[in-house]
Structures are given as structure tokens and as C-alpha cells.
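Construct the entire structure; sequences and hints are all you get.
Those sequence lines, one after another, are chains A and B. Numbering of the first sequence is given in the numbering used here, commencing with residue 1 and proceeding in unit increments. Numbering of the second sequence is given in the numbering used here, commencing with residue 369 and proceeding in unit increments.
What the hints contain is simulated information worked out from the structure, not anything from laboratory work. One or more hints might be untrue.
Said to hold, decoys possible - Cross-link-like lysine to any residue pairs, in silico, SDA-like; alpha carbons within 25 Å at most:
#1 A/Lys56 / B/Gly377
#2 B/Lys424 / A/Gly8
#3 B/Lys424 / A/Pro16
#4 A/Lys56 / B/Arg387
#5 A/Lys79 / A/Leu29
#6 A/Lys79 / A/Arg48
#7 A/Lys56 / A/Ser149
#8 A/Lys56 / B/Ala385
#9 A/Lys56 / A/Ser75
#10 B/Lys424 / A/Ser20
#11 A/Lys56 / B/Thr379
#12 A/Lys79 / A/Leu61
#13 B/Lys424 / A/Leu15
#14 A/Lys56 / B/Asn382
#15 A/Lys56 / B/Pro384
#16 A/Lys79 / A/Glu42
#17 A/Lys56 / A/His21
#18 B/Lys424 / B/Ala401
#19 A/Lys79 / A/Arg62
#20 B/Lys424 / A/Thr11
#21 B/Lys424 / A/His21
#22 A/Lys56 / B/Gly376
#23 B/Lys424 / B/Arg399
#24 B/Lys447 / B/Ser407
#25 B/Lys424 / A/Leu18
#26 A/Lys56 / A/Ser32
#27 A/Lys56 / B/His389
#28 B/Lys424 / A/Arg19
#29 B/Lys424 / A/Gly9
#30 B/Lys424 / B/Asn382
There are 2 protein chains.
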Amino acid sequence: MNRTNGGGGPTGVNLPALRSHNAALVLDLLRSAGPDGISRLELAERTRLTPQAVSKITARLREEGFAAEAGHRASTGGKPRTVLRLVPEAGHAVGVHLDRDELRAVLADLDGTVVGERRVPLDLGAGAEAVLDAVVREAGTLGRGAGTSLLGVGVALPGPLDHIHGVLHRVTGFPEWDGFPLRDALAARLGLPVVVDKDTNAAALGLAVAGERGSFAYLHLGTGLGAGLVLGGTVHRGARTGAGEFGHQVIQLDGPPCPCGNRGCVEVLCLAAMERGDVGEAARVLGESAANLAGLLDIDLVLLGGRTITAAPEPFVHGVADVLAARARREGAHEGPVPVRLATGGARGVAEGAAQLLLAPVFGWGVG
Amino acid sequence: MNRTNGGGGPTGVNLPALRSHNAALVLDLLRSAGPDGISRLELAERTRLTPQAVSKITARLREEGFAAEAGHRASTGGKPRTVLRLVPEAGHAVGVHLDRDELRAVLADLDGTVVGERRVPLDLGAGAEAVLDAVVREAGTLGRGAGTSLLGVGVALPGPLDHIHGVLHRVTGFPEWDGFPLRDALAARLGLPVVVDKDTNAAALGLAVAGERGSFAYLHLGTGLGAGLVLGGTVHRGARTGAGEFGHQVIQLDGPPCPCGNRGCVEVLCLAAMERGDVGEAARVLGESAANLAGLLDIDLVLLGGRTITAAPEPFVHGVADVLAARARREGAHEGPVPVRLATGGARGVAEGAAQLLLAPVFGWGVG
DNA sequence: GCACTTTGGCAACAGCGTTGCGAAAGTGGA
DNA sequence: TCCACTTTCGCAACGCTGTTGCCAAAGTGC
Numbered sequence: 001m002n003r004t005n006g007g008g009g010p011t012g013v014n015l016p017a018l019r020s021h022n023a024a025l026v027l028d029l030l031r032s033a034g035p036d037g038i039s040r041l042e043l044a045e046r047t048r049l050t051p052q053a054v055s056k057i058t059a060r061l062r063e064e065g066f067a068a069e070a071g072h073r074a075s076t077g078g079k080p081r082t083v084l085r086l087v088p089e090a091g092h093a094v095g096v097h098l099d100r101d102e103l104r105a106v107l108a109d110l111d112g113t114v115v116g117e118r119r120v121p122l123d124l125g126a127g128a129e130a131v132l133d134a135v136v137r138e139a140g141t142l143g144r145g146a147g148t149s150l151l152g153v154g155v156a157l158p159g160p161l162d163h164i165h166g167v168l169h170r171v172t173g174f175p176e177w178d179g180f181p182l183r184d185a186l187a188a189r190l191g192l193p194v195v196v197d198k199d200t201n202a203a204a205l206g207l208a209v210a211g212e213r214g215s216f217a218y219l220h221l222g223t224g225l226g227a228g229l230v231l232g233g234t235v236h237r238g239a240r241t242g243a244g245e246f247g248h249q250v251i252q253l254d255g256p257p258c259p260c261g262n263r264g265c266v267e268v269l270c271l272a273a274m275e276r277g278d279v280g281e282a283a284r285v286l287g288e289s290a291a292n293l294a295g296l297l298d299i300d301l302v303l304l305g306g307r308t309i310t311a312a313p314e315p316f317v318h319g320v321a322d323v324l325a326a327r328a329r330r331e332g333a334h335e336g337p338v339p340v341r342l343a344t345g346g347a348r349g350v351a352e353g354a355a356q357l358l359l360a361p362v363f364g365w366g367v368g
Numbered sequence: 369m370n371r372t373n374g375g376g377g378p379t380g381v382n383l384p385a386l387r388s389h390n391a392a393l394v395l396d397l398l399r400s401a402g403p404d405g406i407s408r409l410e411l412a413e414r415t416r417l418t419p420q421a422v423s424k425i426t427a428r429l430r431e432e433g434f435a436a437e438a439g440h441r442a443s444t445g446g447k448p449r450t451v452l453r454l455v456p457e458a459g460h461a462v463g464v465h466l467d468r469d470e471l472r473a474v475l476a477d478l479d480g481t482v483v484g485e486r487r488v489p490l491d492l493g494a495g496a497e498a499v500l501d502a503v504v505r506e507a508g509t510l511g512r513g514a515g516t517s518l519l520g521v522g523v524a525l526p527g528p529l530d531h532i533h534g535v536l537h538r539v540t541g542f543p544e545w546d547g548f549p550l551r552d553a554l555a556a557r558l559g560l561p562v563v564v565d566k567d568t569n570a571a572a573l574g575l576a577v578a579g580e581r582g583s584f585a586y587l588h589l590g591t592g593l594g595a596g597l598v599l600g601g602t603v604h605r606g607a608r609t610g611a612g613e614f615g616h617q618v619i620q621l622d623g624p625p626c627p628c629g630n631r632g633c634v635e636v637l638c639l640a641a642m643e644r645g646d647v648g649e650a651a652r653v654l655g656e657s658a659a660n661l662a663g664l665l666d667i668d669l670v671l672l673g674g675r676t677i678t679a680a681p682e683p684f685v686h687g688v689a690d691v692l693a694a695r696a697r698r699e700g701a702h703e704g705p706v707p708v709r710l711a712t713g714g715a716r717g718v719a720e721g722a723a724q725l726l727l728a729p730v731f732g733w734g735v736g
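Put into C-alpha cells, the structure is as follows:
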């Protein structure tokens with residue numbers, strides 16, 4: 001019931017839409033309850049629906065194979081509550097992470113658990129045919145393990161792109177991909193639904209689904225510097241799905257030139273500091289830009305990831321946290337500073353998040 | 369049906385919720401159609417509900433006095449469509465703009481049309497009692513003109529505050545307001561619902577309701593520099609309703625000190641340039657920070673307002689647009705640069721937006 | 001004047017969550 | 001061992017939603 005559905009403005013809600021919304025909501029609560037499960041009455045409390053409505057919804061979900069009973073809780077003086085859990089095998093998705101020099105693909109179940117993985121070297125600049133062949137081969141191999149429960153394939157890769165239409169804009173450093181309709185090309189060859197997104201957005205989605213609540217920014221420092229934003233539990237992609245251009249935020253007017261053409265971008269300052277071996281300065285620069293972002297959007301959390309960060313996490317986490325703490329102290333914040341943490345997921349986080357591009361909609365994420 | 373309702377996570381939807389959502393949606397389309405009105409079949413297309421459902425909804429709205437028939441369209445070969453319109457007098461709200469030296473209050477009807485206005489000098493530092501007295505007096509006077517159709521009073525003022533609880537944090541320059549529960553104090557004395565928000569958020573809401581579609585940033589340059597963000601048609605207030613801290617974005621590492629304690633904030637750079645009489649440099653600095661924001665969030669539009677800007681709009685609009693155009697060109701954007709315009713509404717925009725804090729929820733804005 | 005098109009209300013309907021109620025399945029005291 | 005009590009949860013009836021089938025109303029155009 002939000003105001004941003006589809007392209008034609010907010011839309012009306014009829015009974016089938018209401019039904020699928022509530023079913024997805026219950027399914028999401030089953031998922032986030034994990035292996036411990038959750039009782040019908042708890043579901044009723046959380047959804048603010050009546051227990052009887054929850055009973056009907058869970059009965060349908062059990063009939064369709066998405067949920068199952070899983071034991072009982074201890075009695076509190078009456079009939080003990082029946083515990084329900086998600087059936088993870090009811091759905092799978094393949095997540096593909098296309099990096100500059102490597103293809104990493106995972107097969108994940110509804111729970112997000114990785115049940116299959118493949119890694120092969122890859123040259124993103126080797127041309128569309130070669131890359132498409134590799135994706136079709138690896139995704140196909142993994143997907144066969146899921147049978148008919150395979151929902152589709154999610155692909156995450158660097159650089160600006162059109163998430164809605166699945167068309168690449170500029171994969172930084174590989175101009176030959178400019179304008180390539182990756183989603184449709186892959187969907188035609190795989191015969192499956194395909195969703196394409198930026199690597200940073202996929203990683204952020206994966207973190208949100210994995211349990212990071214509220215609003216946060218995932219900052220990725222590797223070959224370049226980018227961000228994935230989650231605002232109110234939803235990945236913010238912006239009007240033309242180009243949000244997250246964090247690296248080319250100018251924080252030093254008339255500073256050193258950046259390959260992008262601007263002067264004083266965070267990315268060039270941060271990477272230059274790294275080349276000098278000055279990790280402290282790189283972290284400070286990153287912290288200042290993170291503080292700009294945090295003040296502008298009032299987020300709950302900053303998560304750091306990417307090869308450069310995972311190589312030496314502590315100085316970055318502390319350096320960024322110090323800047324945020326100093327700003328919060330100076331501005332007399334009523335609440336503590338925004339916490340900074342290392343992103344979980346590691347090197348496989350982007351591929352797992354890519355799988356979530358297909359899995360998350362099952363739980364009502366990002367579909368209204 | 370979004371995932372950010374209330375405090376306890378996303379909630380289920382039952383039939384009453386579905387009904388009020390669809391009714392609000394139809395009411396919103398009636399409002400945005402303006403005096404020309406809109407036909408039932410057009411409403412059905414826009415809402416994606418069936419014509420019969422729209423007929424039932426509009427019949428209820430007419431019964432309740434919110435909608436009325438207003439003539440017919442020309443025939444296209446069959447029975448001509450009946451045109452429906454909003455009845456603006458069915459609801460009113462008072463909007464109060466508390467500025468440092470002035471109180472401005474308006475009475476607006478459902479259409480947003482101002483049907484009453486009052487302006488009195490005010491010293492925000494004169495103490496809570498004096499300010500509350502003034503608000504109660506002016507809002508009461510205006511509100512009596514609306515009778516029982518008065519929905520409540522919206523109050524907009526500068527400085528960080530807690531929008532959800534209606535408690536002020538720090539009204540910049542007036543520490544005596546720190547922690548003051550403005551909403552509850554006013555609601556008790558007025559006997560009406562009261563909503564409190566930052567002046568920039570109110571102005572942004574007013575612009576969104578007035579017809580600015582999609583996502584945009586409203587940048588306000590007056591005594592200070594702040595922003596109101598509208599993302600996907602909704603005012604973005606952030607986790608602790610503190611979003612929009614645009615003025616203390618650092619764009620010059622180790623730059624000149626700002627009263628806030630940081631160095632190189634846009635606000636201090638921009639205001640210093642204005643004091644030197646260098647409007648061009650002020651506009652360039654504003655433009656760089658606006659470009660940072662536009663790249664990060666991928667917004668559709670930048671709107672400029674505030675006393676300093678309305679005093680000399682052209683150099684600012686052009687200066688900011690130039691920076692955005694230069695960045696878009698250098699980054700090889702596939703679409704044109706983000707347009708920059710002067711915000712409509714002028715000096716009364718904040719007060720009108722404050723009234724919309726009560727009116728907009730009638731049309732389903734920001735309530736899920 | 002008649003055939004046709006288009007609008008929009010009436011009535012019956014399927015399906016949603018809700019309410020009323022009772023069976024099932026425990027606890028705990030006599 | 002029995003019985004009163006508590007708590008869970010499904011069945012059945014219900015109210016209300018949007019949907020479908022149908023037809024009267026109100027125009028156009030030959």
C-alpha cells in the first residue's frame with residue numbers, strides 16, 4: 001500500500017493483492033524466525049491480524065508446501081502452541097556475481113542458505129558472447145540442482161546500469177558493454193526470469209535480508225568506491241536506478257583530478273591515500289563522506305565491505321567510526337553516533353545478494 | 369502495503385485498511401485533477417480497479433460529502449462521462465510557520481487553497497509561554513473559520529526535532545527550546561491534533577502535494593542551509609527523523625571552521641561567499657553539494673528556495689544547474705542532467721506545507 | 001427513426017478477514 | 001485419579017470488499 005508501485009503512480013488494492021501481501025508477510029516472518037520457528041499467535045501479534053486469519057493463511061501456505069509444523073512450545077498452563085517454520089526447499093534462486101576477473105555463482109534456497117557454489121576466472125572485457133556463455137553454463141549447472149523450484153537468476157555486476165530494464169550503462173573500464181541488454185539476452189538463453197543489479201545494491205539487499213533492520217548504507221571499497229543504500233528496509237535505487245554514486249562525491253573543492261573528470265572525489269582521495277600506504281587518511285576521508293551521507297539521510301548504521309576493507313578491516317572501521325562520533329559529538333546529537341561495522345557475507349556476499357533479487361520478492365520485499 | 373508502517377515492522381492488511389487505502393487513493397486523484405475534475409472510468413484506469421469498484425467508492429465519497437458531480441465530458445459516440453470533483457470545503461487545516469522573527473499562519477482547504485492568513489512579528493527566543501500563546505491565538509482565530517471541518521494544526525519550524533513525538537531538539541540559536549514537547553503542549557491547549565515538522569520538510573511536502581512528481585530535493589538557503597527530501601513521492605525523514613542535514617555536509621576537507629564545529633561545511637562556505645558578495649562562488653559551492661546529493665540518491669529534480677535565493681534567484685539557479693550539467697556530461701550520463709528550478713510557494717510555502725502535514729494523510733500520503 | 005456505442009447502476013457472487021463457539025490438549029489442585 | 005481451568009486453534013456463519021453479468025440511460029450517426 002505504498003505510493004511508488006510500478007510506473008503509473010500508486011495503484012488500488014483488491015482482494016487478490018491483499019491476500020498475496022498478507023501471505024508474503026507471514027512467509028517473511030517465518031523466514032526471519034529461522035529454525036526456531038514461530039507460533040500462529042506470535043504471527044498474529046506481529047501482523048496485527050486476528051489469530052483466525054493467520055490460521056487460514058498458514059493453512060494455505062502449508063498446503064502449497066511453503067510452511068510446515070515443527071514441534072510445540074512449552075505449555076504456559078494450556079494447550080501448547082504449535083511452532084511453524086519455513087520449508088526452505090520450496091524455492092531456490094541462482095545468484096551470479098560478475099567481477100572484473102572472476103565469476104562467482106551460488107544456488108540459494110528460500111532461507112538464503114547457499115546449497116551450491118561455483119567460481120571460475122573471467123575477463124569481463126572478453127566480449128558479450130564469452131561472458132554470456134560462462135554465465136549460462138555456470139548458472140545452468142547450479143540451477144539444475146533445484147529442479148522446478150528454481151525461481152530465476154539474479155546477476156550483480158559493477159558500474160551504472162538500468163535495473164528496471166536490465167540494460168547496462170557503463171561497466172567502469174569496459175566501454176564495450178555500453179547499452180547491452182543483459183537481462184533480456186540472458187533470459188532468452190536460460191529460459192528463466194533474470195534480474196540485473198549493481199553489485200553494491202545486491203550486497204546491500206543481502207545484508208537487509210540477512211537481518212540488518214531499518215536504514216543503512218553499505219560502503220564498498222575495492223577497485224572503486226560505491227554504496228548500496230537501504231532506506232526503511234527497501235533498497236533505494238532512485239528515479240533512474242542510478243543511486244549510490246558515492247565514490248564521486250566531491251569532498252575537496254578543486255582537489256586532485258579524478259578519472260571521472262571531477263576534482264576532489266572521495267574515491268580518488270581515498271585510493272591515493274591507500275597507494276601512499278596511509279590507511280589512516282583513507283579511513284578519515286571515507287569517514288567524512290560517510291558522515292555527509294549519514295547526516296543527509298539519518299541512517300541507523302554504516303557497513304563496510306570490499307576487497308580493500310576486508311584486507312585490513314580494523315583501521316577502516318575505527319577510522320570511519322571516529323569521524324562519525326566526532327561529528328555527532330560536535331552537533332550535540334541526542335542519540336549516540338551512527339555505529340560502524342564490518343559487513344558480514346565477505347567475498348560471497350554479492351553473489352548471495354544477487355540470489356536475493358529473486359528470493360526477496362517472495363517475501364514481499366520491494367513489491368509493495 | 370509498504371514495509372515501513374509504524375514502529376513494529378510491516379503490518380497485515382484487512383478489509384477496512386484496504387477500503388480506506390482505495391478511498392484515499394481515489395480522493396487523491398480527484399484532488400490532483402483540480403477544478404477540471406475526472407471521470408469514473410479515468411479513475412478506474414489510474415487505480416487499476418474495475419469501473420464498478422470506482423463507482424461504489426465514489427458513491428460513498430459523495431455520501432460523505434468529499435466528492436460531487438460536476439458536469440459532463442463531450443460524448444465520443446455514447447453516453448458522455450460524468451465528471452467528478454473534490455469538495456474542498458469538506459476539510460481544512462491550519463499551517464503555522466514559526467520563523468526566528470515572524471509567525472505566519474494559513475488556513476487551507478482540502479485542495480490546499482489558502483482561505484485565510486495571518487502574520488505577526490515573533491521572537492522565537494521570548495520563551496515557550498509567549499510563543500505558545502501566539503500560536504494558540506493565531507491558529508485559534510483562523511481555525512474557527514473552518515468549524516467542524518478543521519482536521520488539526522501543523523507547525524513547521526527550523527532546527528532538528530523529533531517529528532514522531534513532536535519534541536524539539538535544538539532550534540538553532542535558541543537552546544532554551546531544547547527538549548520541549550511542542551506537539552503535546554499545543555494539542556492540549558488547542559484541543560486539536562497537532563503535527564510538528566522541520567520547515568524544510570514542510571516546504572518539501574507542500575511542493576510534492578502541489579504537483580512535483582517523483583523524487584526531488586528542496587534546498588533552502590536563508591539564515592542557514594537545509595534540505596527537504598522527497599523520495600518516491602514521500603518525505604524522507606530518516607530513522608530518527610533527522611534527515612536533511614544538508615548544510616553541514618563537508619565539501620572542503622580541513623576547510624574554514626563552521627560554528628557547528630566541523631571544517632569546510634557547505635553552509636559556512638556558501639554564506640562566507642555571500643558575505644564577500646561573491647554570488648557566483650556561493651552558487652558553485654551549493655551546486656557541488658547538490659550534485660553530491662543528486663548522484664547519491666538519483667533524484668529527478670532540485671528545487672531552490674529561502675530568503676537568500678528568492679532575493680536573487682537567477683545566479684543560483686544557473687550556477688547550480690551548471691555544476692550539475694558539468695558532472696552529468698563528464699560522467700557520461702545516459703539521460704540529461706538533473707533540472708534545477710526555483711521552488712514555487714515563495715514566502716508562504718512553509719506555512720502551506722505545514723497545513724499539508726494534516727491534509728496529506730487524508731489522501732494517503734505517508735500513511736501506507 | 002433506428003442501429004450502435006458508451007456509461008454506469010443493480011444484483012448476484014467469490015473471497016477476504018472477523019466473530020462466535022466449541023473441541024483439543026495441556027496444567028495444577030483436590 | 002479426577003476435575004476445573006487455561007490456552008490453542010479449527011469450523012461455521014457473517015459482513016464487507018472488489019468483481020462479474022446484465023441492462024437501463026444517454027448520447028452519436030446514418
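Checked hints:
{"no.": "1", "hint": "A/Lys56 / B/Gly377", "in the structure": "holds (22 Å)"}
{"no.": "2", "hint": "B/Lys424 / A/Gly8", "in the structure": "holds (23 Å)"}
{"no.": "3", "hint": "B/Lys424 / A/Pro16", "in the structure": "holds (18 Å)"}
{"no.": "4", "hint": "A/Lys56 / B/Arg387", "in the structure": "holds (21 Å)"}
{"no.": "5", "hint": "A/Lys79 / A/Leu29", "in the structure": "holds (23 Å)"}
{"no.": "6", "hint": "A/Lys79 / A/Arg48", "in the structure": "holds (22 Å)"}
{"no.": "7", "hint": "A/Lys56 / A/Ser149", "in the structure": "holds (24 Å)"}
{"no.": "8", "hint": "A/Lys56 / B/Ala385", "in the structure": "holds (19 Å)"}
{"no.": "9", "hint": "A/Lys56 / A/Ser75", "in the structure": "holds (23 Å)"}
{"no.": "10", "hint": "B/Lys424 / A/Ser20", "in the structure": "holds (24 Å)"}
{"no.": "11", "hint": "A/Lys56 / B/Thr379", "in the structure": "holds (17 Å)"}
{"no.": "12", "hint": "A/Lys79 / A/Leu61", "in the structure": "holds (23 Å)"}
{"no.": "13", "hint": "B/Lys424 / A/Leu15", "in the structure": "holds (15 Å)"}
{"no.": "14", "hint": "A/Lys56 / B/Asn382", "in the structure": "holds (13 Å)"}
{"no.": "15", "hint": "A/Lys56 / B/Pro384", "in the structure": "holds (19 Å)"}
{"no.": "16", "hint": "A/Lys79 / A/Glu42", "in the structure": "holds (15 Å)"}
{"no.": "17", "hint": "A/Lys56 / A/His21", "in the structure": "holds (14 Å)"}
{"no.": "18", "hint": "B/Lys424 / B/Ala401", "in the structure": "holds (19 Å)"}
{"no.": "19", "hint": "A/Lys79 / A/Arg62", "in the structure": "holds (21 Å)"}
{"no.": "20", "hint": "B/Lys424 / A/Thr11", "in the structure": "holds (17 Å)"}
{"no.": "21", "hint": "B/Lys424 / A/His21", "in the structure": "holds (23 Å)"}
{"no.": "22", "hint": "A/Lys56 / B/Gly376", "in the structure": "holds (23 Å)"}
{"no.": "23", "hint": "B/Lys424 / B/Arg399", "in the structure": "holds (18 Å)"}
{"no.": "24", "hint": "B/Lys447 / B/Ser407", "in the structure": "holds (12 Å)"}
{"no.": "25", "hint": "B/Lys424 / A/Leu18", "in the structure": "holds (19 Å)"}
{"no.": "26", "hint": "A/Lys56 / A/Ser32", "in the structure": "holds (20 Å)"}
{"no.": "27", "hint": "A/Lys56 / B/His389", "in the structure": "holds (23 Å)"}
{"no.": "28", "hint": "B/Lys424 / A/Arg19", "in the structure": "holds (21 Å)"}
{"no.": "29", "hint": "B/Lys424 / A/Gly9", "in the structure": "holds (22 Å)"}
{"no.": "30", "hint": "B/Lys424 / B/Asn382", "in the structure": "holds (18 Å)"}
The structure agrees with every numbered hint stated previously.
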